[in-house]
Amino acid sequence: MELFPAFGSRSLRGAPTMPQSGLSKKIAMFNVETIRKDFPILQRQVNGKPLVYFDNAATSQTPQRVIDAIVDYYSNYNANIHRGVHSLSQEATDKYEEARLKIQKHFNAKKSHEIIMTSGTTHGINLVASGFTSLLKKGDEVIVSALEHHSNIVPWQMLCERSGAVLKVIPMNDEGELVMSAYDDLLSEKTKLVFVNHISNALGTINPIESIIKKAHAVGAAVLVDGAQACPHIKADVQALDVDFYVVSAHKMCGPTGVGMLYGKEEWLSKLPPYQGGGEMIAEVSFEKTTYAGLPHKFEAGTPNICGGIAFGAAIDYMNNIGFKKIDAYEHELLEYATKRLLEIEGLKIYGTSKHKTSVVSFNLNGIHPYDVGTLLDKMGVAVRTGHHCAQPIMDYFKIPGTIRASFAFYNTKAEIDVLVEGVKKAKMMLS
Amino acid sequence: MTIKAIQEDLIDEFSMFEDWEERYQYMIDLGKTLPLIDEQYKTQENIIKGCQSKVWVHAEMDGDKVVFTADSDAIITKGIIAILIRVFSNQSPQAIIDADTDFIDAIGLKEHLSPTRANGLVSMIKQLKMYAIAYQTQLN
Chain A
1 MELFPAFGSR SLRGAPTMPQ SGLSKKIAMF NVETIRKDFP ILQRQVNGKP LVYFDNAATS
61 QTPQRVIDAI VDYYSNYNAN IHRGVHSLSQ EATDKYEEAR LKIQKHFNAK KSHEIIMTSG
121 TTHGINLVAS GFTSLLKKGD EVIVSALEHH SNIVPWQMLC ERSGAVLKVI PMNDEGELVM
181 SAYDDLLSEK TKLVFVNHIS NALGTINPIE SIIKKAHAVG AAVLVDGAQA CPHIKADVQA
241 LDVDFYVVSA HKMCGPTGVG MLYGKEEWLS KLPPYQGGGE MIAEVSFEKT TYAGLPHKFE
301 AGTPNICGGI AFGAAIDYMN NIGFKKIDAY EHELLEYATK RLLEIEGLKI YGTSKHKTSV
361 VSFNLNGIHP YDVGTLLDKM GVAVRTGHHC AQPIMDYFKI PGTIRASFAF YNTKAEIDVL
421 VEGVKKAKMM LS
Chain B
1001 MTIKAIQEDL IDEFSMFEDW EERYQYMIDL GKTLPLIDEQ YKTQENIIKG CQSKVWVHAE
1061 MDGDKVVFTA DSDAIITKGI IAILIRVFSN QSPQAIIDAD TDFIDAIGLK EHLSPTRANG
1121 LVSMIKQLKM YAIAYQTQLN
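As you go down the protein sequences, you meet chains A and B in turn.
Quick note on numbering: the first sequence equals residues 1 to 432 in the numbering used here.
Quick note on numbering: the second sequence equals residues 1001 to 1140 in the numbering used here.
Since the hints were made in silico from the structure, they are not lab data.
Careful, some of the hints might be misleading.
To be verified - Cross-link-like lysine-lysine pairs, in silico, DSSO-like; alpha carbons within 27 Å at most:
no.: 1; chain 1: A; residue 1: K425; chain 2: B; residue 2: K1065
no.: 2; chain 1: B; residue 1: K1110; chain 2: A; residue 2: K49
no.: 3; chain 1: B; residue 1: K1110; chain 2: A; residue 2: K379
As the list claims (entries may be wrong) - Examples of chain B residues lying across from chain A (beta carbon under 8 Å, computed):
no.: 4; residue: M1016
no.: 5; residue: E1018
no.: 6; residue: W1020
no.: 7; residue: Y1024
no.: 8; residue: Q1025
no.: 9; residue: T1033
no.: 10; residue: P1035
no.: 11; residue: S1053
no.: 12; residue: T1069
no.: 13; residue: I1075
no.: 14; residue: I1076
Note that the structure is predicted; figures quoted are calculated from it, not measured.
Each residue gets a CB set at the ideal place from its N, CA and C atoms; glycine is no exception.
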């Protein structure tokens, strides 16, 4: 039985037919208090105050189920995988490959060997960027968006330096959205690769990747989408999107750090050369010639993060048990509430005002440095991110040194947002 | 006044505060009183790296003493700099080189001492000492 019947769609946003009391009741049915009990860290205090964790876009917290999976691995079947004849190795291999299947199913990849286990989003991006070096020639073009994280800019700059390709940038507007008409103008038969994040880490904007992918394919370019910020909110369907590459980090979606996924269409992954040499990625080795292993092992040199991969699978199970539609709907409620409450504060400006955004509020107080506000909020037990969020081009656009970024997860509450709002008010008073 | 005596004064002053709010309010007020750096010294070379906020420090010799001026675009950072300047400015290079920084723990600002902390208090102290070392080398 659906616990959260009317929450599957975004139709509730400002829907006039839904009375406020009905809405609150449905949120209560989501039962955030029960969910919070799954996260041991949420019980702790910081600087003598209950922790209010609003830095979820940097890393999400870990539920007991995932922690248990980690402990279980090291307590019961820690062994190297894919090569041992002994039982422990077989058990570990089975669990690790089971995790790959969970990831495949979650992102709806056609084949399990299209899922490459990585150390995280950055690793996945670099793997693709490195592989494209040999596929690009002088004068080819690579398009990135102005909304990118530094980890999404630098590998492409390096790729262009190596290959002689030219880097083009899709600009953004005042709302923090990509200017799609400019994207149309940038696309040509010279375009070989388009790289864009699904959701901006600094502003929370959801980019129209469906349209970006379609248009890129129309000129024969491949598309890599960074799903690091999207994976905790949106269940991406890589086949429906028809995306060529999609990368995520487990730690953004309740999993451990140091592990992630690169999805690549089989045809592309077969075309790309191996990224790193080492064990696991070879079929046969002699000093004259080495034959590479097939997918996915060709890209998985060395002993992988076995425990991390298994725990990643557990995190996916955990989130799917709650349900992404419910998570999305609840987080959107938090976003609307936070936006409304924060805007009550005079002199507060929100950056990133697209209608299509996830539960991220990036803001500043007039004339006050974000670092000062973040420091004082920390003293009040509120964890936010301050600074340029590794997205300096966005900060340059708004001509600001940085922002205060509060990012919400499904285990956060409106009461916590109230603590944030009171904290910002207090910080403003102290700093003015 | 010796560096040690100034540090003891600071510890006395900070011991009067009952909670973090009073402590930070005091730092914020100190930040507002910071003798500002001359605009001409707000250069790229004078920026201390490792800070989330921008920090500029300028040093010059006045007789046998090193005089520091500084600025930041964040007020709490300015407060921290103001404290450092009070301790280290108008001292001989050797005294600055020899000074320890245990007082930071004693005034409840230890959290800012971590080298990974974005405000770069550690980088600031290092920079002040580097200036002192440079001047000491000249004196020798």
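Right, here's what the structure says about each hint:
no., hint, in the structure
1, K425(A) - K1065(B), "violated, 43 Å"
2, K1110(B) - K49(A), "holds, 19 Å"
3, K1110(B) - K379(A), "holds, 13 Å"
4, M1016, "violated, 18 Å"
5, E1018, "violated, 13 Å"
6, W1020, "holds, 5 Å"
7, Y1024, "holds, 6 Å"
8, Q1025, "holds, 6 Å"
9, T1033, "violated, 15 Å"
10, P1035, "violated, 19 Å"
11, S1053, "holds, 5 Å"
12, T1069, "violated, 20 Å"
13, I1075, "holds, 5 Å"
14, I1076, "holds, 5 Å"
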